[in-house]
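J.: Chains A and B are the protein sequences, given in the same order. First residue of the first sequence? That's 1 in the numbering used here, and the numbers climb one at a time after it. First residue of the second sequence? That's 1 in the numbering used here, and the numbers climb one at a time after it.
Incorrect hints may have been included.
Claimed, not checked - Beta-carbon label-pair distances, calculated as ranges:
#1 Lys-86/B <-> Arg-33/A: 39 to 45 Å
#2 Ala-23/B <-> Met-3/A: 43 to 49 Å
#3 Glu-15/A <-> Leu-144/B: 21 to 27 Å
#4 Gly-132/B <-> Met-3/A: 23 to 29 Å
#5 Lys-2/A <-> Gln-96/B: 36 to 42 Å
As the list claims (entries may be wrong) - In silico EDC-like links for lysine to aspartate or glutamate, alpha-carbon gap of 16 Å or less:
#6 Lys-20/A <-> Glu-101/B
#7 Lys-156/B <-> Glu-112/B
#8 Lys-29/A <-> Asp-48/B
#9 Lys-20/A <-> Glu-112/B
#10 Lys-156/B <-> Asp-79/B
#11 Lys-167/B <-> Glu-141/B
Hints were generated in silico from the structure; no laboratory data involved. Here a beta-carbon is modelled for each residue, glycine too, at the ideal position from N, C-alpha and C.
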Amino acid sequence: MKMEMRRALARESYEEKIRKVGQLIALTKAFPRRTPARSRPPNSMTLSESQIPYRTKKPKG
Amino acid sequence: MNEPHSSLPLADVLQAANGLVKAGLIQDYAIGGALAAIHYVEPFATYDADIFFIPADQGLTAGIPAIYAHLKSLGWQVDGEHLMVKGFPVQFLTAQGLTEEAVREAQNIRFEGIPAKVFRAEHIVAIAAGVGRKKDLARIEQMLQQAEMDQTRLKKILERHKLKLPKL
């Protein structure tokens, strides 16, 4: 995703972003990936944290 | 196509946290972790909500048994290190040092009309710099690219806690 689009998403309201997080969680549960993606950016909206190779554990802090 | 159902009950989490303050079980709290970062950057999926709190009880347990009892009375369930609300895991973490400062200086927000606090962008970056795992470095990069950052505030926080931003 282009940086300008990502920045536009970042500027959305917190409520809207949390709603989208809920949708992403639901999608992740419905369509779990079997192999980790290697080349996508860690903050792409199409990935969950668990699908990023170095994000294998629960986030902290 | 049917949209997936939103399953993130953040309003319930914040109401419960406000209830803990009102009941005198915690002094103060703020949203930290990934959900705090999402306040400033594009949305991404996360496993849980991290709520950092300053305990009212300064004893060894930080009042955690009473906090758990209060939340369980509201119907929350305990699952390992998490408390579950409507199937969503929440962690209540005792704030100390940098995270305590982050709670005290957190930004006041309203979420669906509910008053709450969320870590400031500068504290999120400083905490990630202090933890320093790969995912924290990714968070720093994301925050610096997308969030509006008060560079003076960030510099002061980093200096105060003897931290440095990693080379990205």
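J.: Would you mind marking each hint as holding or not holding in the structure?
T.: Hints versus structure:
no.: 1; hint: Lys-86/B <-> Arg-33/A: 39 to 45 Å; result: violated, 25 Å
no.: 2; hint: Ala-23/B <-> Met-3/A: 43 to 49 Å; result: holds, 45 Å
no.: 3; hint: Glu-15/A <-> Leu-144/B: 21 to 27 Å; result: holds, 25 Å
no.: 4; hint: Gly-132/B <-> Met-3/A: 23 to 29 Å; result: holds, 25 Å
no.: 5; hint: Lys-2/A <-> Gln-96/B: 36 to 42 Å; result: holds, 40 Å
no.: 6; hint: Lys-20/A <-> Glu-101/B; result: violated, 29 Å
no.: 7; hint: Lys-156/B <-> Glu-112/B; result: violated, 33 Å
no.: 8; hint: Lys-29/A <-> Asp-48/B; result: holds, 14 Å
no.: 9; hint: Lys-20/A <-> Glu-112/B; result: holds, 15 Å
no.: 10; hint: Lys-156/B <-> Asp-79/B; result: violated, 39 Å
no.: 11; hint: Lys-167/B <-> Glu-141/B; result: holds, 10 Å
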